[in-house]
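> Sequence:
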Amino acid sequence: MTKNADIEELVGAIRRVHSGRRVVDPSLVADVLLGAANPLSDRERDVLRLVLEGRSTQEMAAALFLTPGTIKNYCSSAMQKTAACSRFQAGQMARDRGWL
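Under UniProt numbering, the letters of the sequence shown match residues 1 to 100, in that order.
Mixed in with the good hints, there may be bad ones.
[As the list claims (entries may be wrong)] So the derived label-pair ranges between C-beta atoms look like this:
{"hint": "1", "residue 1": "Gly-69", "residue 2": "Arg-49", "range": "14 to 24 angstroms"}
{"hint": "2", "residue 1": "Arg-43", "residue 2": "Asp-6", "range": "44 to 54 angstroms"}
{"hint": "3", "residue 1": "Pro-39", "residue 2": "Lys-72", "range": "39 to 49 angstroms"}
{"hint": "4", "residue 1": "Ser-56", "residue 2": "Glu-8", "range": "52 to 62 angstroms"}
{"hint": "5", "residue 1": "Ala-83", "residue 2": "Gly-20", "range": "29 to 39 angstroms"}
{"hint": "6", "residue 1": "Asn-73", "residue 2": "Asp-25", "range": "55 to 65 angstroms"}
{"hint": "7", "residue 1": "Ser-86", "residue 2": "Ala-63", "range": "18 to 28 angstroms"}
{"hint": "8", "residue 1": "Ala-37", "residue 2": "Lys-3", "range": "40 to 50 angstroms"}
{"hint": "9", "residue 1": "Gln-89", "residue 2": "Gly-12", "range": "36 to 46 angstroms"}
{"hint": "10", "residue 1": "Thr-2", "residue 2": "Ala-63", "range": "38 to 48 angstroms"}
{"hint": "11", "residue 1": "Pro-39", "residue 2": "Thr-2", "range": "22 to 32 angstroms"}
{"hint": "12", "residue 1": "Ser-86", "residue 2": "Ser-41", "range": "17 to 27 angstroms"}
No lab work stands behind these hints, which were simulated from the structure alone.
Only a predicted model underlies this, so the values are computations on that prediction, with no experimental measurement involved.
The C-beta atom is built at its ideal place from N, Cα and C for all residues, glycine as well.
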């Protein structure tokens with residue numbers, strides 16, 4: 001429950017809890033799901049931003065002062081964390097989830 005809940009919501013919530021049920025405010029669930037803990041590291045986010053700009057592995061490596069192999073590792077890790085099939089899809093999914 002949020003502290004902005006009106007009295008009827010609060011009374012209903014107390015009754016549900018008293019009867020042994022759980023109470024979760026739907027707006028809080030949406031906030032948690034949409035802003036779920038971002039599993040991406042700072043570097044993974046940096047790489048995915050560049051992926052969405054259409055940069056090549058070489059260009060990303062130069063921009064971030066990393067090796068191309070490290071860029072590929074970050075892409076692979078981000079793809080795994082987002083369950084994406086491509087690095088571009090990982091970038092889109094991360095952007096859509098508010099992680100970038």
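> Now tell me if each hint is right for this structure.
Cross-check of the supplied hints:
Our hint of 14 to 24 angstroms for Gly-69 and Arg-49 holds, since their Cβ atoms are close to 19 angstroms apart. Taking the beta carbon of each, Arg-43 and Asp-6 are about 45 angstroms apart, inside 44 to 54 angstroms as hinted. The supplied range of 39 to 49 angstroms is broken by Pro-39 and Lys-72, whose beta-carbon atoms lie about 19 angstroms from each other. The hinted range of 52 to 62 angstroms is satisfied by Ser-56 and Glu-8, whose Cβ atoms lie roughly 58 angstroms apart.
Checking the proposed 29 to 39 angstroms range against Ala-83 and Gly-20 shows it holds: the Cβ atoms sit about 35 angstroms from each other. For the pair Asn-73 and Asp-25, the beta carbons lie near 40 angstroms from each other, so the given range of 55 to 65 angstroms is not met. With their beta carbons about 20 angstroms apart, Ser-86 and Ala-63 fall inside the hinted range of 18 to 28 angstroms. Taking 40 to 50 angstroms as the suggested C-beta distance range, the pair Ala-37 and Lys-3 does not conform, at roughly 23 angstroms.
For the hinted restraint 36 to 46 angstroms between Gln-89 and Gly-12, the CB-CB distance of approximately 42 angstroms keeps it satisfied. Roughly 42 angstroms separates the CB atoms of Thr-2 and Ala-63, a value that falls within the hinted 38 to 48 angstroms. One distance hint, 22 to 32 angstroms for the beta-carbon pair Pro-39 and Thr-2, holds here, with the actual separation near 26 angstroms. A hinted range of 17 to 27 angstroms for the beta carbons of Ser-86 and Ser-41 is consistent with their spacing of about 19 angstroms.
In summary, the structure is inconsistent with hints 3, 6 and 8 from the numbered list given earlier, while agreeing with the others.
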